[in-house]
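Colleague: Chain by chain, the residues run as shown.
Protein chains: 4
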Amino acid sequence: MQEKTAQILQTSNDVIIMQGEAILGLEGALRSLVTPGMRVLNLVQGIFGKGTGYWLRDFGADVHELEVGYDDAVTPEMVEEYLDAHPGIEMVCLVASETPSGTVTDISRIGPMCRDRGILSYVDTVSGVLGMTHLTDEWGLDLCVTGPQKCLGGAPGLSLISVSQRAWDKIYSNPAAPRDSYLSLIDFKEKWLGEGRFPYTPSVSDINGLEAALDQALAEGVDEVIRRHIGARELTKAGARAMGLEFWAKREDSMSACVTSIRLPDDIDNAHVRDLARSRYGVMFSHGQGAGNLIRLSHMGPTAGGFHSIVGLAALGRTLLDLGMKLDVGAGVDAALGVLSGQRA
Amino acid sequence: MQEKTAQILQTSNDVIIMQGEAILGLEGALRSLVTPGMRVLNLVQGIFGKGTGYWLRDFGADVHELEVGYDDAVTPEMVEEYLDAHPGIEMVCLVASETPSGTVTDISRIGPMCRDRGILSYVDTVSGVLGMTHLTDEWGLDLCVTGPQKCLGGAPGLSLISVSQRAWDKIYSNPAAPRDSYLSLIDFKEKWLGEGRFPYTPSVSDINGLEAALDQALAEGVDEVIRRHIGARELTKAGARAMGLEFWAKREDSMSACVTSIRLPDDIDNAHVRDLARSRYGVMFSHGQGAGNLIRLSHMGPTAGGFHSIVGLAALGRTLLDLGMKLDVGAGVDAALGVLSGQRA
Amino acid sequence: MQEKTAQILQTSNDVIIMQGEAILGLEGALRSLVTPGMRVLNLVQGIFGKGTGYWLRDFGADVHELEVGYDDAVTPEMVEEYLDAHPGIEMVCLVASETPSGTVTDISRIGPMCRDRGILSYVDTVSGVLGMTHLTDEWGLDLCVTGPQKCLGGAPGLSLISVSQRAWDKIYSNPAAPRDSYLSLIDFKEKWLGEGRFPYTPSVSDINGLEAALDQALAEGVDEVIRRHIGARELTKAGARAMGLEFWAKREDSMSACVTSIRLPDDIDNAHVRDLARSRYGVMFSHGQGAGNLIRLSHMGPTAGGFHSIVGLAALGRTLLDLGMKLDVGAGVDAALGVLSGQRA
Amino acid sequence: MQEKTAQILQTSNDVIIMQGEAILGLEGALRSLVTPGMRVLNLVQGIFGKGTGYWLRDFGADVHELEVGYDDAVTPEMVEEYLDAHPGIEMVCLVASETPSGTVTDISRIGPMCRDRGILSYVDTVSGVLGMTHLTDEWGLDLCVTGPQKCLGGAPGLSLISVSQRAWDKIYSNPAAPRDSYLSLIDFKEKWLGEGRFPYTPSVSDINGLEAALDQALAEGVDEVIRRHIGARELTKAGARAMGLEFWAKREDSMSACVTSIRLPDDIDNAHVRDLARSRYGVMFSHGQGAGNLIRLSHMGPTAGGFHSIVGLAALGRTLLDLGMKLDVGAGVDAALGVLSGQRA
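Chains as they are written, first to last, in the working numbering: chain A, 146 to 490; chain B, 146 to 490; chain C, 146 to 490; chain D, 146 to 490.
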């Protein structure tokens, strides 16, 4: 199964599968890499990036941060400039896809930039993998963490982690790296990859569920799954725009392919919108988890592509209409259907 | 389980559960009731009613028929007039809900009319029960056949039959009634209702599936399930009309609450529409099974109410647009959403 | 799927899959073949064979019967002698495996005997297929009926039927053969094999369940599945004998490989044994369905082979001990384990 | 759900449900309680107790240990004597049920002893709860960790933890207690118990699975489940003894009710036994995970009681016979059946 996971991560690095929601892998990996005083550049454009910074400080790193608004993106140019000005940076941490705000960071350029300078890269790509191109080896990404419950369309409960040799070297030389612990990547490497056995009773259903999700994705094809997510974004964007909705993301080129976040007017609270959409139309929306007053139109995994976004658009549009906003829901549905018709023609 | 089935059939008559798609119950019941030369009035307003007539002739009945176009309905007045003019009729056969054409017959008036004249009634209500009011006992319906796979939202594979004492008397006095046969109602009455055992190995999964579907329907409430189907029809009608679609049914008061059939222009073949909707939008529509060039917007069982009809309307509308028809899909979706919003407010 | 069914029936004849417990296929097939006055030889060695005779009389055949005790078997020699003495016989009906009494009929010799004389053969092999060698084509068997719920290890609810060209000729020339009926083989041949569609709404779960069971059996291999059943019989017999139990079958060569029936002493009622085994040990046994005072140790489908029979033997033995019978349960378990150990060594 | 978990833990303390195999809860809880230099008495009678000691040293505790052979038990008397002699002990750590060796520690006496002296107690009872009486509140147990996959009969993947107010006080005053971490009990207390939301995406299937297992256990009754496990031990012991097997545990009163560990002769390797039992008889046994050359006859959750142990005994006995050991398997099965018969009479 780590072989199949490696295929979606496009890597020949070791793959570790830990038994816990992806946050376990993110924490375990970061604790494994960070040594006291280590100079780390953390890119912050959303709440998950912000959280990485809290951890880094807890773990004793010398934290540098490039932070922008949560509706914006840290660009490769900003990173390059920063690294030029601060030559001692040992690791860059970034979130490839900030799920709550629906924005992405350009790892295709930041990854190689780090590799070329000998800087480790730590990539939170929980909702990025399969929702965007992700070339672990080609871009030289050292440590990537994802989960089955986003674009792969599986169930939560596992952390999927790729670790480069360079990252292992750092981890093994780190006396603070978790060992004999639920947080330990080393335990998994030695017991599972080494001896072929789990460090503790594995969750058979989680493992079988992951395998089924991987098989389905690989049968469809990694590139095809990514294309499907991009197609979903295109029709969702067209529909939302024609309906009269405003995007949360300030830059269109930073909009993710798995979530389209919609900015709400100040006088309409997202909690109110979510309650009404659920009770009246049976459609559940997510919020920004603190990123701002927004509603997420998710299109990930099995809901990426086809009519799922039409339903989301119609339900969100009609709910906002019910709440007094001026919108042309029909025009939005027409526009989205038009894009979908063109994609499938 | 027959008790729960009796609740949805609103009867204290015996309930027989045969192991085969509802067509088994329809055939077994009709063979049980018909004796050679028996004068039977068969009401025909669709392909299932037409089929009943073929069976009646096969079984040797003296068949009388009141037939109208498959987009029309046989009215209680027509039946009353016919019965007045033909005093020797012993049984009336009718289809409460013609699924392929989406039309209903008014059993609330025809049932009592039969009972008051001492005429047996045989009611095919496979898609009628839970999609329309059905008062077996109050309306004096002698033999009703339904199945789990329509408005009950279960799986096909069983025939649910209510049999009045008057019907049993007729069946027991009929030497041609199936006995020791897969078609036999008598076997089930004697072995199952009598001795508490199946005449052969029962399909445990079918029986458990039926029970689960019944439990769900009874928890929601029979009247509430019916109301939900009617609500689905109202929003589907509003959407279809606003979009510019034409109803198949000539009389609005004969439109069923579980299917809204849409009449297609002569130059657009329903097979073409179904293929395109499926391949391009992932939405499957049913056809008229010979009733005419129509597309069915189904809203039965779990798909009755809420967004299911919005999806159907949008997918059908956009498919017809793709095929060159002039329609305002957005206006249709807007209208349907407006009705839905009002229903849930 | 009919291709896979044909593989387990070892035939290139048409395969019909009807939606109803195997009794549906048995009835439909017999009604299709029998014409009034047709001279039919029916072999009776158990309750299912007895029932075939009742049907034959109902359908108007001129019934000849060779009947033995339900713990005995009709031999090929008896059949040969009878056919020699009665040259006008047009069809032989037989039950390959009488499940309740656990006995078999030698179709490997009776089948060719019929073919060579131009006599049709009708074979009820519901529990025979995969529990014994069954070569439809090689032995010239005209009409065979089986089901998924016995040695195939699937769920009840379907009838699997093979029909030779000679049988079809007879059926098509028979005006009484069911047509436009749930009992009709002709409907299935014309609509399903001919037009690729079911005559009515199919039970998707039954069909998928059948396919899964067929895939499993074919992956294991037809011969291997049969060998597994024979192995189960051998260890069950050894255990039962060593324990001090008596076989129901008078001839060891007529004992089936899917059921070992145990004869109970007159003073111990099988209903009592079954109740006690279920309540005290959680093990359910079947009875003889009228064949006699016996208990069936079933070993069919997934329960054929391995420890299932050890459990059955221990539970039956201990229950009989509880009821006062003198038995050496431990010796029986030891003997069965010894056979199993040898089989797997 | 924490209410239902509290019922099986027999407590009104807070219950925390963490998303990871029970080892997560054990680690998180211990890290939460231990402060550098804290004087902790660790009871070691098996590999899990041994592991607790490694953790304690890692976390900086001043570790005292009472250790006996892994086939023996630390008695309340030994603990009392030690505590009398070492008045500064702040916490006692113990494993209520050592699964690999099948032995228990008497928490019914050690728990109150700690409470009465104002000493914290940390109890690993992963396989203890429901397999033995466990009165969290009555015995004053401060922190207990269990999981759904042992005597509760659920799936692995969750840690169920009860925390007394005294334990919370210690945790909140501990600067090293995990916070904002996958290992954190505090996060769960504040976010889940406090705000009613998970700290991260929960595994819906794990949570629903736990609830189903709890419902089943509570419907059967906590005392009844425990009685069932004890009954399983009694029949397993009787069978093993009569067969000629030797128990691993030196003291009969320390044998757990969920596992009967069998000591193997030196010349028969447990790995060999397990391989042969699996390949030849389809029965999987567990080993001692380092505790010694033993085979575990498990009887926990749904496999506690009834025929499961008979199967285990017969399979283990015959396997050992195949490997040349002298045993009377039949006598063992007879004895176990005799006990079972008596229990159910």
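Since the hints were derived computationally from the structure, they do not count as laboratory data.
Any given hint could be a false lead.
The list makes no distinction among identical chains, and a pair is therefore deemed to hold if it is satisfied within one copy or across any two copies.
The calculated lysine to any residue pairs, modelled on SDA-like cross-linking and capped at a C-alpha distance of 20 Å, are [stated by the list, open to error]:
| hint | residue 1 | residue 2 |
| --- | --- | --- |
| 1 | Lys395 | Asp159 |
| 2 | Lys395 | Gly435 |
| 3 | Lys149 | Met429 |
| 4 | Lys336 | Arg372 |
| 5 | Lys382 | Leu363 |
| 6 | Lys149 | Thr278 |
| 7 | Lys334 | Pro323 |
Colleague: Regarding Lys395 and Asp159, is the shortest C-alpha distance of 20 Å or less found within a copy, between copies, in both, or in neither?
Modeller: neither (37 Å within a copy, 45 Å between copies)
Colleague: When Cα atoms must be at most 20 Å apart, do Lys334 and Pro323 count as within-copy, between-copy, both, or neither?
Modeller: within (12 Å within a copy, 24 Å between copies)
Colleague: Could you figure out if Lys149 and Thr278 sit no more than 20 Å apart (CA to CA) within one copy, between two copies, both or neither?
Modeller: within (17 Å within a copy, 42 Å between copies)
Colleague: Quick one: Lys395 to Gly435, C-alpha cut-off 20 Å, is that within a copy, between copies, both, or neither?
Modeller: Result: close within a single copy only, 17 Å intra versus 55 Å inter.
Colleague: From the Cα coordinates, with 20 Å as the cut-off, is the pair Lys382 and Leu363 best called within, between, both, or neither?
Modeller: neither (27 Å within a copy, 42 Å between copies)
Colleague: For the identical chains here, do Lys149 and Met429 meet the 20 Å Cα criterion within one copy, between copies, both, or neither?
Modeller: neither (32 Å within a copy, 28 Å between copies)
Colleague: Within a copy, between copies, both or neither: where do Lys336 and Arg372 come within 20 Å Cα-Cα?
Modeller: Cα proximity of Lys336 and Arg372: none, with 37 Å in one copy and 37 Å across.
Going down the numbered hints, you'll see the structure goes against 1, 3, 4 and 5, while the others check out.
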